[in-house]
Amino acid sequence: MPANQKAYTGRAVYVVDGCRTPFLKADGQPGPFSASDLAHSAGRTLLTRMPFSANTIDEVIVGCVMPGPNEVNIARIIALRLGCGDMVPAWTVQRNCASGLQALDCAAQHISSGVSDLVLTGGTEAMSHAPLLFRESMVRWLGSWYKARSFGQRMQVLSRIRPGYFAPIIGLLKGLTDPIVGLSMGQTAENIAYRFDVSREQMDAFAVRSHTRLADAYDQDQMREVDALYDRKGNVYSQDTGLRRDSSMEKLARLKPAFDKPYGNVTAGNSAQITDGAAMLILASEQAVEQYQLPVLGRIVDCHWAGLDPSQMGLGPVHAMTPLLQRNETGLDDIDNWEINEAFAAQVLACIAAWQDDDYCKKDLGLDAVIGELDQSRLNVDGGGISIGHPVGASGARIALHSLKVLERTGAKRGIASLCIGGGQGGAMLLERMES
Amino acid sequence: MNDMSDTNTANIKLEKDDCGLAWVSFDLSDKATNVLSSIVLDELSTIIDQIEQMKPVGVILCSAKKSGFIAGADVSEFTTLSSVDEAYEYIRKVHTLFNRIESLPWPTVCMIHGFCLGGGTEMALACDYRVAEDDDATRIGLPEVRLGIHPGYGGSVRLPPLVGHLNALDMMLTGRSLRARAAARIGLVDAAVPRRQLQKAAQQIALTGKTRRKKPGLIQRLSGHSLARPLVARIMKQQVRKKANPDHYPAPYALIDLWQNDMDRPEVMMDNEAHSVARLINTDTARNLIRVFFLQTRLKDLGRASDFKAQHVHIIGAGVMGGDIASWCALQGLNVSLQDQSPERIAPAIARAAGLFRKRLKKPRPIQVAMDRLMPDPQGHAVGQADVIIEAIFEDLEAKRSLFKELEPRMKPGALLATNTSSIPLEELGVALQQPERLVGLHFFNPVAKMQLVEVVHSKATDQERVNQAAAFTRQIGRLPLNVSSSPGFLVNRILMPYLLEAVSLIEAGVPAEIIDQAAMDFGMPMGPIELSDTVGLDICLSVAQILSAHLGGQVPDILQDEVSAGHLGRKSGRGFYRYHKGKPVRKKKPVSSISVTDIQDRLILRYLNEAVRCLNESVVSEEDLLDAGMIFGTGFAPFKGGPINYIHDKTADALEQRMNVLQDHYQNNFEPDAGWQRFHDTGENNDQGQTDKQTE
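If you're matching them up, the sequences are chains A and B in order. One point on numbering: in this note's numbering, the residue at position 296 of the first sequence is 296, and numbering is uninterrupted. Plus 1000 on top of the position in the second sequence (first one is 1) and you've got this note's numbering.
Read the hints as simulated data drawn from the structure, not as lab findings. A hint or two may mislead.
[To be verified] Once the Cα atoms are required to be at most 27 angstroms apart in a straight line, the calculated BS3-like pairs of lysine-lysine come out as:
#1 A:K25 / A:K256
#2 B:K1582 / A:K233
#3 A:K362 / A:K6
#4 B:K1362 / B:K1214
#5 B:K1055 / B:K1013
#6 B:K1031 / B:K1300
#7 B:K1363 / A:K233
#8 A:K233 / B:K1359
#9 A:K233 / B:K1362
#10 B:K1588 / B:K1243
#11 B:K1016 / B:K1066
#12 B:K1016 / B:K1055
#13 A:K174 / A:K256
#14 A:K233 / B:K1572
#15 B:K1405 / B:K1309
#16 B:K1450 / B:K1363
#17 B:K1065 / B:K1013
#18 A:K233 / B:K1450
#19 B:K1309 / B:K1460
#20 A:K233 / B:K1584
#21 B:K1093 / B:K1065
[Claimed, not checked] Simulated restraints, written as ranges between beta carbons of each label pair:
#22 A:Q5 / B:D1135: 55 to 61 angstroms
#23 A:R162 / B:Q1311: 57 to 63 angstroms
#24 B:A1449 / A:Y165: 45 to 51 angstroms
#25 A:A253 / B:K1584: 54 to 60 angstroms
#26 A:Q94 / B:R1213: 49 to 55 angstroms
#27 B:K1210 / A:L142: 35 to 41 angstroms
Just so it is clear, CB atoms sit at the ideal spot from N, CA and C, and this is done for glycine as well.
With these hints in hand, go ahead and build the complete structure from the sequences.
Okay, here's the thing in structure tokens:
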């Protein structure tokens, strides 16, 4: 993607409204909701607030990394479950941790180019539902078992089975490991923490702040885009369940490293939580806004995707945000709200450090000088992945929506939503609140 | 293909296809549903003559109606059979006809879709083979027992050997119908196939005679052996006795006897089947149950006065009533939003809905679809989309008024506004509205998923079109509408209350609850008044009683207040007038009473009847039949007695009034006949009756 080319060259792209579910921390068992359940719940509330009926939508685009085995092309399932009707097409997009942002980008592209006027988009993920897989040895054995016809053959095949075949592969761990460089995502975070000298204390302090900010946001009724989930047992989930109001440096200090054992710094406490959740938005063209008299939350101005060394994947946001800032002629101070997804405290802190690092800015970002210091009072003001959770397909949509919500609340103008992406990429979206 | 137009009759078409199969297609010219009236049966006889001349390679019976195959006999003709002999002849004629189908020398296949009930099923049984469409709408059954008779067109003879004796008795004694797959599982049909394969399946079976029909298992066959039958019959009767008193409902017992005595002798059994049904059809029970059948049609017709069709219902108040209305509507295919003050208040209703859907829909996919239709909406975003809004919040005039005030400007122009209030007059609620004429009452009964009746309440201000829409909506969700005027307690609760209070007075007088309840059940009530009060909740009974007595006069027995004050609220608190163990009342083994059972029964029933007459006199409902229908479908008033007013006609008003006067002398208050009884003397006996005897289709 050329760094100086803006993403949307056609019509303006408006965000009408958005809604997300509370993010539910995985507790080792499949959670009460599938990925399509989650998107359906958020989408249903959202559509109910709209003056148009669901079947007038032009298309549905949803990001999801691992839809369930019965949710292939999950966007279509969500569209049908939402009553969009048989005639509304739907497609699913996947760019790992940024799938939700990718969905917004695709929707924005279609609106900008005139393909669509009204798009339901967003992201969803039920990480707790990630499958357990048979290992290849077991699959091979099963193949020969199904081929065996006679009793003798079967006995023979049966004698070849080994206990080790039965050990399942945890699909989620596979997904969170880079297949090219062979590092887990946490190890890539350790890499860049090492590079920029981010300490355990800095990471833990960042994590505590994430929890405190989220708790404050709920207490001050600032999480209004969150709409309750209801399960079939009569439980209601109104807030993100990973929030720890009692989070403290002492408690976090007690946690053992989760990836580079036993000497690492990245722990479960300063990493994003494995969670289930969905965020859905309505995007519209100017024509649709006028036709249905829609309210406008803001505008999607531009979007950029960048690649980098997979073992440094946590620095993806600086690679995506730098060209975005430059081609829109905005400096750090012009951005009123930053939503940089907290995959790991180490990784967000490393991004901040990278922009202040002369060597990195020149060599890796190809700049003449450092970008400068990002004002952390404008960063993830209501918490982030560490306290809220990071359902990989949903987070991109969540942060874009929340940035606009913060701008609306503070009356400010510009926001950026950005994520690091497993496999070595970064994505960033520039958002703008309208002058009313 | 030959030109076959001359072989058609008015209601049945006969065609021969290229394979040489004769297709007999039922398509009643003046009805939406096929029924076996005498005319149709005569035509069928002619058609069979023609088939015999046609000499096809096989015969397929089917229906050209969308609604299904054949819904049964023409019930309205039953009411014209005035004697046992006449009924016997009528039945034997059908026997002869069906025997002719059975003995056709070519393979006969019945191709079934939609409803196949009663006589329709018995005709199918006379064929060699049956195929059914595997679809939700397919229902095959023998519901005769619900009309106080049992299968009479050879069904009782042909079904047991086909599907097994226990399966057959179960179908005929409960009257429940089977879906296609369930029917295939027991061998009632040879195959359950999707519509796209239905004709092909019928053709192939007719041409080849090859099927994979399930044969009854060993136990199913052995239970019909002459040595086993006496024992099986005894067990069956014991089971039936739990549900139906033989004095009130003789039909199931007659069926078991017929099966036990004659199962080995098909021809004798066929003849005795005719005798048995001819006898049953001339009992009061059958006559009254047939009356109930037509009363149900009357109520259904009330829902046809408007073609209003809702897509979205918004319900405010997620308590037991509001929540259960919401889940019921979602189960019936409507989009539903459920509003209450917080998500926490809505959540229990969602859990109950999930339970209902699991029970009714069983499979994960339909359950999810139903769950998806039911949206918790704590903020009331969906108000503007709703075609019907039902208010089911707590009974507080001001709260309801302010809610209405807030709702009205946000509602869709044509939307219906309904309240589920059971005690506040519509006139008082309507004050809050710009358009009070759009307000109706939709008074559901608890539990919503079981109670068929919904009182559609109108005030003087209510627009008649709105009432019709509310009735149509009630039908849309598979409920029976009854139009009532907005007076305290409406119809059902009002008539029930004096009866319940009389029972409570009897408790106060020292009569054991067991004896009171038994007296009512002996009369034919589905549940005794004391157990009913405990089930409803004594606190609720008390509050309704207080509201009603404030408007209508009458005393609320002190003991009711005492029990409520003591925290004895009935079943829900584990103690009311009964104590409850695992949700079941603990009954005394040998209760004794100082008051005679006859007096107890009369005191209960006459207060019931007196209030019914009073309601009629005050035009709470417009007709006697509608009152009867309301009390039968709303409270289960002894259906075999045909409703309270029907019962008054049967017993004569004179006799009942005399009895009331006696009771009035003996037990002081409460039994003075209402002025309304005069209506039974003014215009001669029975002038209103007989309306339902007319065929209402």
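Hint-by-hint comparison with the structure:
1. At most 27 angstroms may separate the alpha-carbon atoms for a hinted pair to count; K25 (chain A) and K256 (chain A) meet this at roughly 19 angstroms.
2. With a CA separation close to 22 angstroms, the supplied pair K1582 (chain B) and K233 (chain A) stays within the 27 angstroms bound.
3. Distance hint between K362 (chain A) and K6 (chain A) is fulfilled; the C-alpha atoms sit about 23 angstroms from each other, no more than 27 angstroms.
4. Restraint check for K1362 (chain B) and K1214 (chain B): the C-alpha separation of about 24 angstroms stays at or below 27 angstroms, so the hint holds.
5. In summary, the hint linking K1055 (chain B) to K1013 (chain B) is supported, as the alpha carbons are separated by about 16 angstroms, within the 27 angstroms threshold.
6. Between K1031 (chain B) and K1300 (chain B), the direct Cα distance comes to roughly 16 angstroms. Compliance with the 27 angstroms bound is thereby established for this hinted pair.
7. A hinted pair counts as satisfied when its Cα atoms are at most 27 angstroms apart, and K1363 (chain B) with K233 (chain A) qualifies at roughly 17 angstroms.
8. A threshold of 27 angstroms between alpha carbons decides the hint, and for K233 (chain A) with K1359 (chain B) the separation of about 14 angstroms falls inside it, so the pair holds.
9. For the suggested pair K233 (chain A) and K1362 (chain B), the alpha carbons sit about 16 angstroms apart, so the restraint of at most 27 angstroms is met.
10. Of the supplied pair hints, the one linking K1588 (chain B) and K1243 (chain B) holds, its CA atoms being roughly 21 angstroms apart against a limit of 27 angstroms.
11. Straight-line distance between C-alpha atoms of K1016 (chain B) and K1066 (chain B) comes to about 22 angstroms, which keeps the hinted pair within the 27 angstroms bound.
12. Between the alpha carbons of K1016 (chain B) and K1055 (chain B) the distance comes to roughly 10 angstroms, so the proposed pair stays at or under 27 angstroms and holds.
13. For the hint pairing K174 (chain A) with K256 (chain A), the CA-to-CA distance comes to about 22 angstroms; that is within 27 angstroms, so the pair holds.
14. Between K233 (chain A) and K1572 (chain B), the direct Cα distance comes to roughly 21 angstroms. Compliance with the 27 angstroms bound is thereby established for this hinted pair.
15. With a C-alpha separation of about 25 angstroms, the suggested pair K1405 (chain B) and K1309 (chain B) falls inside the 27 angstroms cut-off, and the hint holds.
16. With a CA separation close to 21 angstroms, the supplied pair K1450 (chain B) and K1363 (chain B) stays within the 27 angstroms bound.
17. Distance hint between K1065 (chain B) and K1013 (chain B) is fulfilled; the C-alpha atoms sit about 12 angstroms from each other, no more than 27 angstroms.
18. The straight-line distance between the Cα atoms of K233 (chain A) and K1450 (chain B) is roughly 22 angstroms, inside the 27 angstroms bound, and the hint therefore holds.
19. At most 27 angstroms may separate the alpha-carbon atoms for a hinted pair to count; K1309 (chain B) and K1460 (chain B) meet this at roughly 24 angstroms.
20. With a CA separation close to 25 angstroms, the supplied pair K233 (chain A) and K1584 (chain B) stays within the 27 angstroms bound.
21. Among the hinted pairs, K1093 (chain B) with K1065 (chain B) is consistent with the structure: their alpha-carbon atoms are about 26 angstroms apart, no more than 27 angstroms.
22. A beta carbon spacing of about 56 angstroms between Q5 (chain A) and D1135 (chain B) agrees with the range 55 to 61 angstroms that was offered as a hint.
23. Distance hint check: the CB atoms of R162 (chain A) and Q1311 (chain B) are about 58 angstroms apart, consistent with the given range 57 to 63 angstroms.
24. Checked against the hint of 45 to 51 angstroms, the C-beta distance between A1449 (chain B) and Y165 (chain A) comes to roughly 49 angstroms, which is consistent with it.
25. For the pair A253 (chain A) and K1584 (chain B), the supplied restraint of 54 to 60 angstroms holds, since their beta-carbon distance comes to about 58 angstroms.
26. The hint said 49 to 55 angstroms for the Cβ distance between Q94 (chain A) and R1213 (chain B), and at roughly 50 angstroms that hint holds.
27. Roughly 36 angstroms separates the CB atoms of K1210 (chain B) and L142 (chain A), a value that falls within the hinted 35 to 41 angstroms.
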